[in-house]
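With the sequences and hints as input, model every part of the structure.
Everything in the sequence shown is counted per the numbering used here, starting at 596 for the first residue and increasing by one.
There may be inaccurate statements among the hints.
[What the hints assert, rightly or not] Derived SDA-like pairs: lysine to any residue, alpha-carbon spacing no greater than 20 Å straight-line: (1) 810 with 611; (2) 633 with 812; (3) 631 with 770; (4) 698 with 758; (5) 600 with 627; (6) 631 with 602; (7) 719 with 698; (8) 820 with 782; (9) 722 with 708; (10) 807 with 639; (11) 608 with 774; (12) 646 with 611; (13) 801 with 725; (14) 646 with 723; (15) 698 with 661; (16) 620 with 747; (17) 820 with 632; (18) 633 with 819; (19) 801 with 645; (20) 625 with 602; (21) 620 with 609; (22) 608 with 770; (23) 698 with 717; (24) 646 with 612; (25) 646 with 719; (26) 625 with 787; (27) 810 with 624; (28) 600 with 628; (29) 801 with 674.
Hint data in this document are derived by calculation from the structure and do not stem from the laboratory.
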Amino acid sequence: KSDVKGLTIGLPKEYFADGLDPEVKATVEKAIEELKAKGVNFVDVSLPHTKYSVSTYYLIATSEASSNLSRYDGIRYGLREKSNNLEELYMNTRGVGFGDEVKRRIMLGTYSLSSGYYDAYYLKACKVRRLLQKDFLDAFTKCDLLLSPVTTSPAFRIGERVEDPLKMYLNDIYTTSTNLAGLPGMSVPAGFTKLGLPVGVQLTAKHFEEDKIFKIANTIEEISKVADRRPEC
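So, in structure tokens, the structure goes:
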């Protein structure tokens, strides 16, 4: 069993603000109380640039997707659709080979990298990413790792938010910051809603301190007793 006594965990106040589903919040708070009983200390911390994380992430991620996927043109890599000329080859291959979400990201990324918009979007997003990383490093001067919800709501049904990608993207607000900062993170099952939908807890640590994540994650799995349970719907 993991010895977690004496570890200090930070709770980002921005991750427990308005918009968090009550059942998700209750599950996370229950995990916090159970960890306190194991001798874990908790402190409040702030990640002030959190509100920019989703927009920053999707600007950078879509730009990288646009750049990286440009090679799949039907000539050098992957699928090649039958066509009568070069332009048709590009259109047919990429039209068939990519799904709606991939096409959406390519279009957004191509726009943000285009001439006249690069400085206003992609370059600015990279600067904000650096500020987000600094937020985390400042927080880690007060604690060993961070604990937060994984998403703002419980799991939703397959295809439920396909028609509203913005709403779907906003559910990533707690995880995108970790990715942007380049930090190790883990989602751990912590409980279920009344409808049987799974709820997780996110743990984030400093660079090269994954061992602390593993200790807390193991403890949460032991006390939550959800390892053998499966979602009911």
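Verification of the hints:
no. : hint         : in the structure
1   : 810 with 611 : violated, 23 Å
2   : 633 with 812 : holds, 13 Å
3   : 631 with 770 : violated, 24 Å
4   : 698 with 758 : holds, 15 Å
5   : 600 with 627 : holds, 13 Å
6   : 631 with 602 : holds, 10 Å
7   : 719 with 698 : violated, 23 Å
8   : 820 with 782 : holds, 15 Å
9   : 722 with 708 : holds, 15 Å
10  : 807 with 639 : holds, 18 Å
11  : 608 with 774 : holds, 19 Å
12  : 646 with 611 : holds, 13 Å
13  : 801 with 725 : holds, 15 Å
14  : 646 with 723 : holds, 11 Å
15  : 698 with 661 : holds, 9 Å
16  : 620 with 747 : holds, 9 Å
17  : 820 with 632 : holds, 16 Å
18  : 633 with 819 : holds, 13 Å
19  : 801 with 645 : holds, 17 Å
20  : 625 with 602 : holds, 18 Å
21  : 620 with 609 : holds, 13 Å
22  : 608 with 770 : holds, 15 Å
23  : 698 with 717 : holds, 18 Å
24  : 646 with 612 : holds, 11 Å
25  : 646 with 719 : holds, 15 Å
26  : 625 with 787 : holds, 12 Å
27  : 810 with 624 : holds, 19 Å
28  : 600 with 628 : holds, 14 Å
29  : 801 with 674 : violated, 41 Å
In this structure, the hints that do not hold are numbers 1, 3, 7 and 29, in rising order.
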